[in-house]
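Novice: Guided by the hints, dock chain B onto chain A, whose structure is given.
Listed below, chain by chain, are the residues.
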Amino acid sequence: MQQRPKTIVNATSKDKTFPRLMILPTIIVLLVMTTYPLIFTVFYSFTDYNYLKGGVFKFIGMQNYDKLLHAKYFQIAVLNTIKFTILAVFFEMVFGILMAIFVKSLNPNFQHVMRVLLLLPYLLPTATVSTAWKMMLSQNYGIVNQLLATFHLPVHNWFMETETAFKMILLIDVWQNIPFVFLLLYACLQTVPNDQYEAALIDGANSLQLFWHITIPNIKEGIALCALLRTIDTFRLFDKVNILTGGGPAGTTSTITQFIYNYGIKSLKFGYGSAGALLMTILVLGLSVVYIKKAIK
Amino acid sequence: MKKGLSVLVCLSLAICLFANGAQEQKATVPAAAGKQKLTLILRGGTYGKVIEKCLPAFEEKNNCEIETLDLSFDDLHSKIALDTVNKEGAYDLCMVDGSWMAEFTENNVLLNLSKAGYSFDDDIIPATLTICKVGDDIYLAPYFGNVTVMLYNKALIKAAGYASKDIKTWADIQKIAQVAKASGKNGYIIRGGSPDNIVSDFLPILLANGGWVVDANNKPTVDTKEFRAALDQYISLYKLGDTMDKDDIVAQIDNGNGALAIGWPGWYVPKANSNGDYVTIPSTLDANGKSVNTSLYGVWCIGVCNNSTHKELSVKLLEYLMDKDVLLGTIPEGGVPCRYSSLKNAEVLKTYPQLETVCSSLEKGVYRPVIAQWNEFTTILGTEMDNIIKGTETMDAGLSNAQKQLVDLMK
Chain A
1 MQQRPKTIVN
11 ATSKDKTFPR
21 LMILPTIIVL
31 LVMTTYPLIF
41 TVFYSFTDYN
51 YLKGGVFKFI
61 GMQNYDKLLH
71 AKYFQIAVLN
81 TIKFTILAVF
91 FEMVFGILMA
101 IFVKSLNPNF
111 QHVMRVLLLL
121 PYLLPTATVS
131 TAWKMMLSQN
141 YGIVNQLLAT
151 FHLPVHNWFM
161 ETETAFKMIL
171 LIDVWQNIPF
181 VFLLLYACLQ
191 TVPNDQYEAA
201 LIDGANSLQL
211 FWHITIPNIK
221 EGIALCALLR
231 TIDTFRLFDK
241 VNILTGGGPA
251 GTTSTITQFI
261 YNYGIKSLKF
271 GYGSAGALLM
281 TILVLGLSVV
291 YIKKAIK
Chain B
1 MKKGLSVLVC
11 LSLAICLFAN
21 GAQEQKATVP
31 AAAGKQKLTL
41 ILRGGTYGKV
51 IEKCLPAFEE
61 KNNCEIETLD
71 LSFDDLHSKI
81 ALDTVNKEGA
91 YDLCMVDGSW
101 MAEFTENNVL
111 LNLSKAGYSF
121 DDDIIPATLT
131 ICKVGDDIYL
141 APYFGNVTVM
151 LYNKALIKAA
161 GYASKDIKTW
171 ADIQKIAQVA
181 KASGKNGYII
191 RGGSPDNIVS
201 DFLPILLANG
211 GWVVDANNKP
221 TVDTKEFRAA
231 LDQYISLYKL
241 GDTMDKDDIV
251 AQIDNGNGAL
261 AIGWPGWYVP
271 KANSNGDYVT
281 IPSTLDANGK
291 SVNTSLYGVW
301 CIGVCNNSTH
311 KELSVKLLEY
321 LMDKDVLLGT
331 IPEGGVPCRY
341 SSLKNAEVLK
351 TYPQLETVCS
361 SLEKGVYRPV
371 IAQWNEFTTI
381 LGTEMDNIIK
391 GTETMDAGLS
401 NAQKQLVDLM
411 K
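Protein chains in written order, with this note's numbering: chain A, 1 to 297; chain B, 1 to 411.
These are calculated hints, taken from the structure and not from any lab test. Heads up, the beta-carbon is just placed ideally off N, CA and C, and yes, glycines get one too. Hints may be right or wrong, so weigh each one.
In silico lysine to any residue, SDA-like type, Cα no more than 25 Å apart, as pairs [stated by the list, open to error]:
1) B:LYS411 with A:GLN75
2) A:LYS72 with B:MET395
3) A:LYS72 with B:ASP396
4) B:LYS154 with B:ALA171
5) A:LYS58 with B:ALA372
6) A:LYS220 with A:LEU208
7) A:LYS58 with B:ALA102
8) A:LYS167 with B:TYR238
9) A:LYS53 with B:LYS133
10) B:LYS115 with B:LEU129
11) B:LYS246 with A:GLY142
On the chain B side, residues computed to face chain A include the following (Cβ under 7 Å) [unchecked claim]:
12) VAL85
13) ASN107
14) GLY192
15) SER194
16) ASN218
17) ASP242
18) THR243
19) ALA251
20) ASN345
21) ASN375
22) GLU376
23) ASP386
24) LYS390
Isolated chain A (complex conformation) (with noise of 0.2 Å):
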């Protein structure tokens, strides 16, 4: 008789206590930073709780979700957030993409060692790579400028003009995230069967079509994993922003983070504040569904 598979579902009384002991801690953390925090979150949405009045606050139903969703700088927030997010993953998807593929095809002792050196710039903390990039792009000292005075180039005030603040912040961040998208696909490269490539170039594939006809199907689905998770993140983008540009000039770089902080939190308007988090979750949220439904099935 054929054993059924060990499942909670199908285990015994007996059985189901040690796994559910097993996963009593996870659930506990969970509950506390998560649950605890998102269904107070949900609460002071709907109050004009500010922190520096203590526990006076009072129930006022939609009015923050009304005022964020008429208020001109959050709508300016959430376009800039999710042109951003689109350009953002799309740079580092193709780039993550065409460096892991480059790695993969150099000498295997070659491979350890750009392996660790693409990898740096994931590994530095953001206010590190934020400041030495400011440095970097200042008026005054910065190499860039100096680097594009000595070919008689234009130089630019890099984070205060409107045509330049953007594609800044956009470069470092892409910069930054590369070598995340490097190491997943890289990954998954590693497990693309060999003799698929054999057989399509005996068959007389070029380069081209090798990539798109036998890579790209095999590592899909890390391409989605990838896609999201980076999506999620650069949705979040704050700390870049607050220490480059606080949102100016003129919001060209205003994100939703920094909506909430400025109007949120610096005021300690936490009801307001925990009104644009929400919002900013379910936008969140609408971008992955259709990731977390394929998941699910």
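Specialist: Chain B alone, transformed into the frame defined by chain A:
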């Protein structure tokens, strides 16, 4: 055996997680036995550094230990505010910007120093005391005499035919900026970055044009002809230069690439052979104009947190830090006391002649509006101004939006 070991590992992990979460860590290093420990929360940079230099003598005399936290402007405000709701505060003495006074006193953040026995003496510049009191009760002491000044590059103003004593009107500023721009330099640099920086940088020009951001009843007055005239002038100066953050402004003035900018004494300590220096901000638009106070106070005050667990010792520390001789000793470290005995001291002025400018600015400065919503006020106004300056919004639309939002805020 394996099962038992797994259960033990999981239980240990859960205990560790809860143990870490449960303990409130107030101090990184516990005080030695018998010694009280004070925690000071200060503004980073020169402002906090100057206080830190004074502490060892107090620690020795009072057998205590003092730990300091140096923070950015926004972090300092947040941390003081967030700690307020705790019954026992994490901080004892705090550094406070005058613009937070209304918000903090409304919400009981600061100790009433009058009730704790503290009082001012005649040596402190009277105009700097306005922000420190609510009625007759003292809540703060003016520690660092931050007041806006006009930074300038000596060579560039000389090239425009000016000496520092000749810079008397905003027309002079315009002329110097034009000459510097014509020679390929930044004639006038405005401060960019956060909305608060933009508003603070603009306010002296607004004052010179006879305008202000609120009226006597704290109603917003940003869509007025004075405000528009001031903003027009500000934009015309911006076109003769650029917009930068604080570090780049100081570098530009010092390296001769920028002629003029509004700044604060804490940014730049000029010496005899420095390339830059500062003067009082002009108080008239032109030779025929009416003279008004145009120096904006950004005095860093010190106070005691109302939930401090060492109130008596903290007040004693405050008195010590505000002592005439202690403050005089901070000047070589970059300190700018709000005391006549420091700023008019002949020996001090020989080495630091620029302090005469600071003294004169402190005597006739203007405080930012003392309103609890000032933080949000500057966010709204600064954002609209940024759009107008960068040309993404017209002045009519921007100021009208700002006025409407500010009226809603102040309801």
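Novice: Looking at the structure, which of the earlier hints fail to hold?
Specialist: Of the numbered hints given earlier, those the structure breaks are 16 and 20, listed in rising order.
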